[in-house]
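**Student:** In case you want the letters, here they are:
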Amino acid sequence: MLPILQIGPLAIQTPGLILLLGLWFGLTLAEKLAQIDRRVDPNAIYNLALTALVAGVLGARLFYAARYPDIFLKDPVSLISPNTAMLDAFGGLVTGVLAALIYGQRRKLPLWPVLDALTPALSVLLITVGLAHFASGDAFGIPARLPWSIRLWGEYRHPTQLYETLLAAGIAVLVWPRRHAEQPAGLRFLTFVALGAFARIVVESFRADSTLIFGSLRSAQVIAWGLLAFSMQLIASRLKQQPTAQIPEDKSP
Amino acid sequence: MPLSSRNFKWVQIAMLVFAAAWIAGTAWLATPGEGGRSPSPRAGFPAPAFTLTNLEGDPINLSDYQGKVVLLNFWAAWCPPCKAEMPAFEALQQAYQGDDLVILAVNTTYQDDLSAAQAFVDENNLSFPVLLDMDGKVSNAYQILAMPSTFFIDRDGIIQQVIIGGPMSETLIQTQVRKLLAEVP
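Residue numbers (numbering that gives the first Met the number 0), protein chains in the order written: chain C, 0 to 252; chain U, 0 to 184.
Simulated from the structure, these hints should not be mistaken for laboratory data. Mixed in with the good hints, there may be bad ones.
What the hints assert, rightly or not - Some but not every residue of chain C turned toward chain U, in silico, with C-beta under 8 Å:
hint: 1; residue: Pro81
hint: 2; residue: Met85
hint: 3; residue: Asp87
Said to hold, decoys possible - 25 Å max Cα-Cα, derived PhoX-like pairs, lysine-lysine:
hint: 4; chain 1: C; residue 1: Lys107; chain 2: C; residue 2: Lys31
hint: 5; chain 1: C; residue 1: Lys73; chain 2: U; residue 2: Lys8
hint: 6; chain 1: U; residue 1: Lys178; chain 2: U; residue 2: Lys67
hint: 7; chain 1: U; residue 1: Lys82; chain 2: C; residue 2: Lys73
hint: 8; chain 1: C; residue 1: Lys239; chain 2: C; residue 2: Lys107
hint: 9; chain 1: U; residue 1: Lys136; chain 2: U; residue 2: Lys82
hint: 10; chain 1: C; residue 1: Lys239; chain 2: U; residue 2: Lys8
Said to hold, decoys possible - Just so you have them, the derived chain C footprint on chain U, three or more residues with Cβ under 8 Å:
hint: 11; stretch: 12 to 21
hint: 12; stretch: 39 to 46
hint: 13; stretch: 52 to 62
hint: 14; stretch: 123 to 132
Note that the structure is predicted; figures quoted are calculated from it, not measured. Even for Gly, the Cβ is constructed at its ideal location relative to N, Cα and C.
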């Protein structure tokens with residue numbers, strides 16, 4: 000666990016740094032892979048992700064400020080404060096997805112091939128979420144004395160952060176684009192979603208910070224099961240489709 | 000992967016049934032309950048208890064403030080961002096007088112100059128309790144890695160937010176405090 004990297008007077012939040020690096024690395028890879036795969040414009044992928052990200056951060060701050068308008072009106076400069084404690088996750092998600100949809104519509108991007116092209120970036124991001132949790136000590140496990148237990152927050156616990164990192168790495172290998180692989184559009188992304196939901200169901204069982212519903216059911220597992228069922232139903236319908244054709248190679252010098 | 004839609008039907012059924020059985024099984028076998036939440040210096044955990052003396056030499060217990068919102072700050076006189084956020088705390092103390100808000104500023108005396116700390120408190124007319132951590136035990140219990148570090152503790156004694164580094168803006172401090180004060184005791 001290393002939540003803070005102290006470099007001189009600078010206190011760097013390690014989890015945030017890991018996520019940023021993951022995002023940058025994932026997007027760079029996705030752009031490169033899109034160049035090889037030639038089903039969507041690599042620039043469009045990068046711009047789409049960037050648009051969603053910027054809109055997401057802006058939305059997260061505005062939704063937070065909207066809860067305390069009087070405080071922010073007195074000090075409007077706080078709207079651009081880099082502090083991550085003043086963000087609203089739900090607001091960020093909504094505006095990020097909306098911005099991506101609008102950008103995709105305006106650029107007439109094909110939905111499924113774009114989601115497929117983004118899947119490598121999402122897989123890398125999922126791995127770094129696990130590593131960020133490990134650095135911060137979040138998403139911690141239930142107490143257990145096992146040879147591989149880690150001591151965290153005063154107890155020996157299941158290293159749930161490592162479980163999720165390993166499963167995410169496995170998912171990344173399974174959904175990684177392969178040369179000459181012909182499959183219906185959307186299959187790569189939907190497989191990622193289904194496997195991600197399945198991994199969450201497994202890892203959540205060992206987590207100590209779950210929210211419970213109906214007595215002892217973990218709400219994250221119930222939501223993940225719904226997502227698993229939905230994505231598998233979509234896979235079933237996509238399997239009946241033809242693979243997307245590649246964009247012809249640019250022959251001009 | 001060569002997967003026909005007919006084969007997939009069976010994969011689909013098997014995975015959904017297995018996942019549902021796993022959810023039900025683990026809910027029945029391992030109810031998370033408290034999940035071993037012994038006092039720890041992180042969000043979601045009970046704040047570690049302590050007793051420290053203030054500048055006047057009177058003992059102050061964190062547990063004295065059960066039922067109130069506590070802003071617990073760790074600072075030192077040699078740390079410029081720590082000093083920079085103190086006026087914001089004082090403004091907060093004045094603005095929320097009469098509300099259930101307590102500001103406790105723990106001076107990390109074991110690695111600070113007590114006379115410099117005292118002089119800073121006097122110069123700025125700080126009216127909230129300044130506590131002295133002479134042996135570093137409380138700073139250790141709160142795993143202070145960087146200064147300033149601030150813990151926002153709710154009425155039940157549970158840490159709800161940890162801010163490491165500073166100075167925090169008045170807006171950040173006020174929104175966090177307002178959120179905790181709004182929670183019904």
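**Student:** Indicate, hint by hint, whether the structure satisfies it.
**Tutor:** So, going through the hints one by one against the coordinates:
At a threshold of 8 Å, the smallest CB-CB gap from Pro81 (chain C) to chain U is about 10 Å, leaving the interface hint violated. Hint on Met85 (chain C) holds. Least Cβ distance to chain U is approximately 6 Å, under the 8 Å limit. With a least beta-carbon distance of about 11 Å to chain U, the hint placing Asp87 (chain C) at the interface is violated under the 8 Å criterion. Distance check on the hinted pair: Lys107 (chain C) and Lys31 (chain C) sit about 21 Å apart at the alpha-carbon level, within 25 Å; holds.
Restraint check: the Cα-Cα separation between Lys73 (chain C) and Lys8 (chain U) comes to about 59 Å, which exceeds 25 Å; the hinted pair is violated. Taking the CA atoms of Lys178 (chain U) and Lys67 (chain U), the gap is near 13 Å; set against the 25 Å cutoff, the hint holds. Between Lys82 (chain U) and Lys73 (chain C) the alpha-carbon distance is near 22 Å, which keeps this suggested pair within the 25 Å criterion. Taking the CA atoms of Lys239 (chain C) and Lys107 (chain C), the gap is about 24 Å. The hint holds against a cut of 25 Å.
Pair hint Lys136 (chain U) plus Lys82 (chain U) holds up; C-alpha atoms about 22 Å apart against a cutoff of 25 Å. A C-alpha spacing of about 12 Å is found between Lys239 (chain C) and Lys8 (chain U), which places the hinted pair at or below 25 Å, so the restraint holds. Counting residues of the stretch 12 to 21 of chain U whose CB lies closer than 8 Å to any CB of chain C gives 5, which reaches the minimum of 3, so the coverage claim holds. Coverage of a stretch by a chain is defined here by at least three residues with a beta carbon nearer than 8 Å to that chain's beta carbons; for the stretch 39 to 46 of chain U and chain C the count is 4, and the condition holds.
As drawn, the stretch 52 to 62 of chain U meets chain C at 0 residues by the rule of a beta-carbon pair under 8 Å; below three, the given contact is violated. Given a C-beta distance limit of less than 8 Å, the hint that chain C covers the stretch 123 to 132 of chain U is violated, as 0 residues qualify and 3 are needed.
Checked against the numbered hints given earlier, this structure breaks hints 1, 3, 5, 13 and 14; the rest are met.
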